[in-house]
Amino acid sequence: MSGELLRAEGIGKRFGGFVALEGITVSFEAGQLTSIIGPNGAGKSTFFNILSGALSPSSGTLHFKGCELNGLPQHRFVHRGISRSYQITNIFPDLTVHENVRVAAQALSVRYDVWRNRARLAELGARADTALHAVGLLDRRGELAKFLAHGQQRALEIAIALVSEPELLLLDEPTAGMGPEETKDMVALLERLADRRTILLVEHKMKMVLGLSRRILVLHHGRLLADGAPDEIRSNPEVRRVYLGQSEGYG
Amino acid sequence: MTAQSNRAAATKSVFGALDRFGDQRVLLSIAILIALPWLLPSQALAVNVLIYGVVVMGYNLLFGYTGLLSFGQAAFFGCGAYVTGIAIGRYGMPWFAAVASAVVVSTILAAVIGVISTRTRGIYFSMVTLALAQLVYYVALQASSFTGGENGLRGFTVDRISLFGLQINFLDPLNKYYVLMVFAAAALWFQSRILNSPFGAVIEAIRENEQRARACGYDVERSKLLVFMLSGSISALGGCMLALHLSIVPLDILHYQTSGMIVMMVLLGGARSFFGPFVGAAAFLILEDVISLWTPHWQIFVGAIFILFVLFLPKGIWGTLLETLPIARPRR
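Here the protein sequences line up with chains A and B, keeping their order. Positions 1 to 251 (the working numbering) are the ones given, in order, by the first sequence. Positions 1 to 332 (the working numbering) are the ones given, in order, by the second sequence.
Some hints could be false.
Which stretches of chain A does chain B cover? Using the computed rule of at least three CB atoms under 8 Å from a CB of chain B, they are [said to hold, decoys possible]:
hint, segment
1, 77 to 85
2, 95 to 108
3, 112 to 118
Far from chain A by the CB rule (all over 10 Å, computed), these chain B residues [claimed, not checked]:
hint, residue
4, A100
5, R119
6, V128
7, R154
8, L251
Derived from the structure by calculation, the hints contain no laboratory data. For every residue, glycine included, the Cβ atom is placed at its ideal position computed from N, Cα and C.
Produce the complete structure using the sequences and hints provided.
Pasting the structure below:
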């Protein structure tokens with residue numbers, strides 16, 4: 001797999017007088033795991049929200065597989081092949097684990113059907129189980145999602161994002177709030193996923209990012225500070241100054 | 001002991017089945033409604049439970065299952081009743097055609113109110129629905145040549161109903177009850193169908209997490225509009241039943257107090273439970289009946305009881321019953 005999947009050109013975002021992002025131009029190849037790092041407030045989440053359609057950019061254009069995405073409503077992004085998880089756990093708490101994923105799978109095909117029996121849409125249920133199996137939650141499928149442990153809820157979120165078979169998977173700090181054991185599981189999961197998918201990862205844990213990524217982007221004050229392979233980033237003096245130095249003990 | 005446990009098991013399965021997914025909840029609900037005139041102290045009360053049960057059930061789709069707190073459901077209840085009465089009285093339509101057109105007109109009204117209100121969220125949604133429903137109230141008040149204004153709509157009486165060549169005396173209370181029950185049964189079946197459908201899963205997802213539902217690929221606004229219309233059409237059917245039952249349509253039916261009463265009924269019975277709306281309607285109407293016997297200020301007491309429910313039984317009578325009974329019921 002190769003070739004350009006997503007291209008951002010001159011992406012900028014301002015909230016009133018505050019410039020959150022400015023002039024981000026970057027393109028992503030298919031089949032890579034790319035990480036975005038940067039200190040708090042660097043614009044990572046804003047950039048993610050733009051890539052997933054939750055925010056529209058104040059300037060610049062997004063192209064996905066050659067098509068422009070600007071102006072597309074958020075719910076259409078999944079249909080184009082871009083799916084995301086959230087930094088703060090974002091699931092359907094009072095639905096079962098299985099239904100969480102099944103309803104996400106359903107969004108691609110059946111949205112306004114008030115007539116058929118949903119239990120008959122067996123293919124969706126099977127796809128949900130496949131996604132649950134991929135994140136190791138198949139044995140919890142009948143439980144209410146709110147009763148899962150934190151790490152499992154994070155994994156469920158990834159299953160929700162995964163079930164749409166996205167060509168680009170956006171993961172916003174999948175290990176946020178996790179202990180070391182859970183983090184280890186999540187890293188193993190990400191490694192498995194990275195084999196077959198194009199993933200964009202926002203993450204704070206430096207060791208994890210350096211180990212997982214093929215490429216790292218560094219944002220700082222809303223601008224792209226550096227872009228390169230993990231080794232280049234590690235030895236980049238600018239990056240060391242603004243970011244790595246202060247968080248060496250991080251993870 | 002075995003008899004007792006058998007009995008417990010039977011109750012269990014009845015209550016469980018009544019709320020479980022599948023068609024048996026429709027059949028069991030209908031069975032209870034068939035027995036209702038003998039379960040309640042009066043047949044007049046049973047008819048009212050039937051009618052308000054349907055209205056509240058439609059509202060439950062919006063409030064209980066989708067999580068949208070509307071204060072304007074009276075608009076569709078009233079619209080269904082008024083259009084039924086006008087169609088029969090003014091245009092001489094047969095009753096079934098009047099009911100059909102009333103449901104269609106009310107669904108269109110729900111589309112109009114829904115397009116405006118579903119753009120807003122939370123308290124704003126509640127306020128917009130309240131305001132628009134009051135608008136409908138004032139239109140009905142002002143258009144008195146059509147609606148009878150303050151006096152309500154009169155001059156249409158359905159005394160006979162012919163069903164497949166069968167002449168039924170509609171003035172007989174029991175006949176009336178069972179004819180209207182056919183509508184209620186249809187509404188129960190339709191509601192169950194919606195809840196079982198893929199769209200039923202969508203509205204639950206929206207209730208659980210709107211942002212996530214959108215990120216999953218659902219057009220949340222459009223889905224809300226659709227459920228708003230479905231909800232309005234079912235409540236409108238209750239309005240049609242009321243018009244056929246009373247042969248008059250009181251203007252009060254459109255007032256926001258009616259909307260408030262619908263909210264109270266659904267909370268008393270148990271939002272998000274299939275049969276809860278009928279239980280809530282029965283509880284409210286019985287309370288009203290009993291308390292108004294010894295004081296004209298019955299609303300104070302009903303209000304106090306309602307507050308106790310919200311504080312201590314937030315799942316309502318039926319919802320709590322389903323939860324308290326040790327039913328091994330698979331929550332989807």
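Hint-by-hint comparison with the structure:
no., hint, result
1, 77 to 85, "holds (count 5)"
2, 95 to 108, "holds (count 9)"
3, 112 to 118, "holds (count 7)"
4, A100, "holds (18 Å)"
5, R119, "holds (14 Å)"
6, V128, "holds (22 Å)"
7, R154, "holds (36 Å)"
8, L251, "holds (33 Å)"
Hint compliance for this structure: no hint is broken.
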